[in-house]
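Student: If you want the building blocks of each chain, they are given just below.
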Amino acid sequence: MKPRCFVIQPQDNVATMIDDVDSGAIQIVGAGAGQEIVVTEKILHSHKIALRDIASGEAVIKFGVRIGHATQAIRRGAWVHLHNLASDLDERSSTLDLHSGAPTDTSSAYV
Amino acid sequence: MSEIRDVQSIIRSEWSGFLRSDGRKGIRNLVLVIYTVECAQHVAHAIAANEEDVHVIGFPGCYDNAYAIRLMLALARHPNVGAVLSVGLGCEYTQPERIADVVRSSGRPAEWFFIQQSGGTRSSVAKGKEIVSRLREQIRRETPRAPMSFSDLIVGCECGGSDGTSGLAGNPTVGAFFDLLVDAGGTAIFEETVEMIGLRQHMISRAANDEAKSQVAAAYDKAERYCRSVRQWSVSPGNFAGGLTTIEEKSLGAFAKSGTRPIQGVFRVAEPPCRPGLWILDSVPDDHFMQFGYTNPNDTEGIMDLISAGSQIVLFVTGRGSVIGSPIAPLIKVTGNSATFRAMEEDMDFDAGRVLTGEITLTEAGHELAELVVRVAKCEPSKPERLGHREYFIMYKHQNTPGLAEGCRA
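Those protein sequence lines, which keep their order, are chains S and W.
Just so you know, the numbering used here puts the end of the first sequence at 122, numbered straight through with nothing missing.
Just so you know, the numbering used here puts the end of the second sequence at 418, numbered straight through with nothing missing.
Excised from the complex, chain S in its bound form:
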């Protein structure tokens, strides 16, 4: 069985992986079920994949609602996370470690 991603609303430009994927074609479930999309990089379960090209500065839409903005151009099939998506409100999250989410701004306290 191909790995799957879950689309919540038809207007969403990102979907949530419900399996891990390294690359290649995956199956869309939820809204737009039955279609496929080609993943261009490793994406873990519960993480997001771009369903179309998203321009730098453009709104990222999930649940049919804006969840932040792209900080760089994102290609269809790419992993969408802290390196290319930022909150409109929370400036701290863009400083966190991409993979672990661990803070980097309090590192000097660990001595």
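Since the hints were derived computationally from the structure, they do not count as laboratory data.
One thing to keep in mind: the hints can contain errors.
To be verified - Distance condition first, Cα-Cα at most 20 Å in a straight line; then the derived SDA-like pairs of lysine to any residue:
{"#": "1", "chain 1": "W", "residue 1": "Lys386", "chain 2": "W", "residue 2": "Leu97"}
{"#": "2", "chain 1": "S", "residue 1": "Lys53", "chain 2": "S", "residue 2": "Asp64"}
{"#": "3", "chain 1": "W", "residue 1": "Lys230", "chain 2": "S", "residue 2": "Leu100"}
{"#": "4", "chain 1": "S", "residue 1": "Lys13", "chain 2": "S", "residue 2": "Val49"}
{"#": "5", "chain 1": "W", "residue 1": "Lys137", "chain 2": "W", "residue 2": "Gly127"}
{"#": "6", "chain 1": "S", "residue 1": "Lys13", "chain 2": "W", "residue 2": "Thr365"}
{"#": "7", "chain 1": "W", "residue 1": "Lys135", "chain 2": "W", "residue 2": "His50"}
{"#": "8", "chain 1": "S", "residue 1": "Lys13", "chain 2": "W", "residue 2": "Gly366"}
{"#": "9", "chain 1": "W", "residue 1": "Lys230", "chain 2": "S", "residue 2": "Asp30"}
{"#": "10", "chain 1": "W", "residue 1": "Lys137", "chain 2": "W", "residue 2": "Leu97"}
{"#": "11", "chain 1": "S", "residue 1": "Lys13", "chain 2": "W", "residue 2": "Glu367"}
{"#": "12", "chain 1": "W", "residue 1": "Lys137", "chain 2": "W", "residue 2": "Asn58"}
{"#": "13", "chain 1": "S", "residue 1": "Lys53", "chain 2": "W", "residue 2": "Ala347"}
{"#": "14", "chain 1": "W", "residue 1": "Lys230", "chain 2": "S", "residue 2": "Glu102"}
{"#": "15", "chain 1": "W", "residue 1": "Lys230", "chain 2": "W", "residue 2": "Asp294"}
{"#": "16", "chain 1": "S", "residue 1": "Lys13", "chain 2": "W", "residue 2": "His50"}
{"#": "17", "chain 1": "S", "residue 1": "Lys53", "chain 2": "S", "residue 2": "Asp108"}
{"#": "18", "chain 1": "W", "residue 1": "Lys230", "chain 2": "W", "residue 2": "Asn408"}
{"#": "19", "chain 1": "S", "residue 1": "Lys53", "chain 2": "S", "residue 2": "Glu69"}
{"#": "20", "chain 1": "S", "residue 1": "Lys13", "chain 2": "W", "residue 2": "Ala347"}
None of these values were measured; they are calculated from a predicted model.
Given the structure of chain S, go ahead and fit chain W onto it with the hints provided.
Tutor: Chain W alone, transformed into the frame defined by chain S:
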């Protein structure tokens, strides 16, 4: 499967509860030991050790705090609590005698003592154990029983350790159950307004009437002001590692636990909601001379707030996994992530990840969760309860004491 007949039989479930003098009904009949300063913490826990129906809460500060006192008094008069023993060291501001007085005036037996007047650790523990076994015998003998159903239930929901599945399966499953509970005349409470950031209009559009609209707007605006002020938005490293990228995204997933019914209004910590239906609990500090203080610290703190509203059961939605429990009201753990369920099955009560794989529908998940709630209400222990998890957290915080004529106190 004849789904319609099944849901009717779930909604009509009845079981036997414990009737309190204020008319509320509990699903457990516990003795609660309350310590009034960190210095009395060891003795309080030693008194409760190896006693399944004796739970402990307490406040660590020597200097008292009106919010913490109101919270402890609400927990002491919770419908699942039958009797209270309050233990102090003897130096602190918070007064164990006054706690016992308030509890007694609620119709429950209550006792108190100071460790400094009881001869030290061993003799205080022995004295406490003797009091607790006496209180237990008394409430077992005297507490009247009464039939209970969904219309007598208050169920709170908190989420923590959220990941990308929480908003897709875990929280929506609770939402489906909350719809069923509210339709059956029960009360559903959700909180964490700091995890509704970005949803102002969406929340207001769910409010039942104009008064509720203005309460929701005010609670939202305070939460956003608070997050800006403390420079912390309610997302953690585990949320990011679990695929959530922004607070707005986490908020949308968290809000899914509210289901689809109208929001009756907003009330604050240590108060019960004034009528059945779906409610928001505002646990965000009010602005005062110390500004907002520090951030709302952890999941357990929020669960205590939900219990202080009289929730007899609390649902906890997690994607990443969690091993907390709660005193007073059993915690039921729901995960939207089937891999987490498999990895931590000893702690997880409910696998809502089956909704994502298409194994069951969201409606079916809501019904199954309702059945589990009924079983726990009928005294089947939830997994955290069986494991002996009774984490609590009572902190210094400021919330304005509501006037007696205000909101739900009227």
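Student: Would the pair lysine 53 (chain S) and aspartate 64 (chain S) pass a check requiring their Cα atoms to be no farther apart than 20 Å?
Tutor: The hint holds at about 18 Å.
Student: With a cut-off of 20 Å on the C-alpha distance, tell me whether lysine 230 (chain W) and leucine 100 (chain S) pass.
Tutor: Distance ~15 Å between lysine 230 (chain W) and leucine 100 (chain S) Cα, so the pair holds.
Student: Next pair to validate is lysine 53 (chain S) with glutamate 69 (chain S); report whether the Cα-Cα distance is within 20 Å.
Tutor: Since the Cα atoms of lysine 53 (chain S) and glutamate 69 (chain S) sit roughly 23 Å apart, the hinted pair is violated (cutoff 20 Å).
Student: Starting from lysine 135 (chain W), check that the Cα of histidine 50 (chain W) is at most 20 Å away, please.
Tutor: 14 Å, holds
Student: Lysine 53 (chain S) and alanine 347 (chain W): Cα distance at most 20 Å?
Tutor: Within the cut-off at roughly 18 Å; holds.
Student: For a C-alpha distance cap of 20 Å, please report whether lysine 230 (chain W) and aspartate 30 (chain S) respect it.
Tutor: 38 Å, violated
Student: Given the proposed pairing of lysine 137 (chain W) with asparagine 58 (chain W), does the C-alpha separation stay at or below 20 Å?
Tutor: 11 Å, holds
Student: Between lysine 53 (chain S) and aspartate 108 (chain S), does the CA-CA distance stay at or below 20 Å?
Tutor: 17 Å, holds
Student: Decide if the proposed pair is consistent with the structure: lysine 13 (chain S) and glycine 366 (chain W), CA atoms, cutoff 20 Å inclusive.
Tutor: Distance of about 15 Å is within 20 Å: holds.
Student: Given the proposed pairing of lysine 13 (chain S) with valine 49 (chain S), does the C-alpha separation stay at or below 20 Å?
Tutor: 11 Å, holds
Student: Given the hinted pair lysine 230 (chain W) and asparagine 408 (chain W), is their Cα-Cα distance within 20 Å?
Tutor: 13 Å, holds
Student: Given the hinted pair lysine 230 (chain W) and glutamate 102 (chain S), is their alpha-carbon gap at most 20 Å?
Tutor: 19 Å, holds
Comparing the model with each numbered hint stated earlier shows that hints 1, 9, 16 and 19 do not hold.
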